[in-house]
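Colleague: What follows is each chain in one-letter form.
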Amino acid sequence: MPLELVFILEQVLNGLLVGVYYLLIALGLSLIFSLGGIVNLAHGGFYAIGAYLIVILTGEIGFFGAFVVSPILVAFLGMATERVFFRRFYRLDPMLSLLLTFGLAMIIEQGLRMIFGAAPIPYAIPGFLHGQVLLGKLIFSSYRLAILIVAILAVAGLWFLLQRTPFGRVVRAGVQNPDMVGALGISLSPYFTGVAALAMGLAGLAGVLMAPITGVHPAMGLEILIPAFVVVVIGGLGSFWGVVAAAALVGIIRGLTVYYYPPASEASMYLLMLAVLLLRPRGMFGERIARFE
Amino acid sequence: MVHSIVHPSRRRLLAGIGGATLLGGIGAPHIVRAQADTVRFGHLTPLTGFLGPLGAYAQMGVTLAVEEINAAGGVMGRPIELLLEDSVNPATASTKAERYITRDNVVCIIGEISSASGLAIAQVVERHQKLFLNTGCNSDALRGSDCNRYMFHVEACNTQYVKAVGTALLQRGLIDGKKIYFLTADYAYGHDLSRVGKRFVEGNGGEVAWEDLVPTDSTDFSAYILKIRQAQPDLIVSNLAGNQITNFVKQYAEYGLDIPYAGFGFDTALAWGAGKGTFGGEWPVVWHHDLDVPASLAFVDAFTTKFGKPPENQAWGDYVAAKVLAAAMNEVESTDTAALLEHFGKEPKLDILKGREGYFRDWDHQLMQEMYTMTARPVDEVQNEWDLMVLGPPVPPADEALESIAPTPEENACEL
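As you go down the protein sequences, you meet chains A and B in turn.
Counting in numbering that gives the first Met the number 0, the first sequence runs without a single skipped number right up to 292 at its last residue.
Counting in numbering that gives the first Met the number 0, the second sequence runs without a single skipped number right up to 415 at its last residue.
Since the hints were derived computationally from the structure, they do not count as laboratory data.
Each hint can be trusted.
Derived DEER-like restraints, expressed as beta-carbon distance ranges:
1) Asn383/B / Leu152/A: 35 to 45 Å
2) Ile225/A / Ala326/B: 43 to 53 Å
3) Asp379/B / Pro93/A: 49 to 59 Å
4) Phe62/A / Asn383/B: 15 to 25 Å
5) Phe63/A / Gln229/B: 32 to 42 Å
6) Asp289/B / Asp92/A: 54 to 64 Å
7) Glu332/B / Phe101/A: 50 to 60 Å
8) Arg355/B / Val5/A: 44 to 54 Å
9) Phe127/A / Pro347/B: 52 to 62 Å
10) Arg194/B / Pro93/A: 41 to 51 Å
11) Phe127/A / Asp289/B: 30 to 40 Å
12) Asp257/B / Phe159/A: 40 to 50 Å
13) Asp289/B / Arg171/A: 52 to 62 Å
14) Asn383/B / Leu134/A: 30 to 40 Å
In silico contact screen, one side only, chain A against chain B (beta carbon under 10 Å); selected entries:
15) Leu2
16) Val17
17) Arg112
18) Tyr258
19) Pro261
20) Ser264
Backbone N, C-alpha and C define an ideal beta-carbon position, used for all residues, glycine too.
Generate the whole structure from the sequences, applying the supplied hints.
Modeller: Here it is in structure tokens:
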């Protein structure tokens, strides 16, 4: 294989990895919006909380303990947020929930700033995941491969939960027609709480995974929120695999743009979004959801 | 129900109290206790956004300085009243500077980090003929094409940063005849730094063989690191800014490449954010808390006692600016702009907590001062989270003029 192609292949594979960071955030956003119609601008805040939690907890209970406990704590925080705030807004004008989550996002960011200061706080890759994996001429960071494995497990688990369990069946039915679910005598209320816990827990997990390779600072949530929204829009609402495919595509195209024309690397995803929306306004694999049309 | 009007529910009452408190807070005057006989200093710096971490240190530095000045008798016997605000962006910085001068009657403005906001403030002070001490904007243009007789620069300019670390790199044999890879933040500051950096590299026999312009919202550098690994340069130079530096340093360590790297611009907080075992490379710095100079150690001590952590270089800038200005006012016994301009025009020697005294150069108002470089301290010698770097000797060395690392009039012409 010519060398140029090897390097392009390397960027494509690396782009897939980058896409995974967006994926965990995007899946949660998509779930909360599809079920409750809430655009959760505070989602990045929960990602940041996950990152801060692992930094604090590693000192107390070690890396593995913190790795498991932090996303769970974020999930509980997500449940509380749903119980206290979100559920008052499901049937109201979406503008109101947008204001709510915008406010929550600001409160989380400023709260982190007040407690931990504005400067980034250090957190290193755990010792046993240091190093690189060489594959011929290609190089991968061991830690990023570990992230990939954890993310694949999380996504597979989520897919199983949504597609193969009674919980998932009710959630999917609730997305399509909440009134009919109610008429069948099923209260959606606990499912809303469960979905919020799942979605925020995934954001927390993303924060935990990213803490060693990105700066842990109060505004980190904002940095990832917008690309994640773009991924949801490109993939299409309500489509699980659409979001997965969009995350991979956004990552790959970003990698190739860095290779050929770096100044446009962050803009590439917006151009992709523009193209997709022109051709398919519902996104690549977006389903028709009657109540959002 | 009449009843509920006569006896409002407790919940509503609480809400009422809460609402009133909130409104009271919002409605409180900007200056809670207006004192007739004070001298007002206005401070502006970004507290949010990617420069926010540095702005927090700037506020701490200037607050400490004003406390110490007031404890020592203030300015001509009057205490300084310090006003602090978030400058946010150029438009807001301009509005707030205007308000400081016309409504609050400040005698000067101190602060800023973003060169774009610094320029906006400079235009306001020029209109009102008040002094502005820039403590954090680096761009050479602010001292050159955009220079202004009411603006003084405590912060070093890009050329001083580049020549400080560049000299060290040159001595290590990493410039002459070498191929260098630039990573440059894609906005005004990065472009200015890249321009100055190229001039230094090419003037010393090196070649900038690659340059990637990195968008300011990039947080993942893996794709760039793969490109660098493919290119195999002799040296990587970061012209990145803010959190970009933390992210790059962290991720570069992840890939374990053995290509040396350095930066032309830097702030210590970004290295602290990268952490032990991750921080590497060679970087220029305007001041550092390890500096073994009595006045500097006293500042570090007072700062650490007050804030529970050592000062970052940005805290030094705002501390020194307030101190230098208050000292000048006491010297000329006036807060009048013309008197202060005349005073600084004589290039008086200033105590800036460094081994050598500094002075504001008359033709561009840049503070002539020592710079330093720093490298990573070996991991097993690191004592605590603030102790990640080893400070190099001052640049220029004691037998060379401070001007030797500053831009020449040919490099950066300024008409005051």
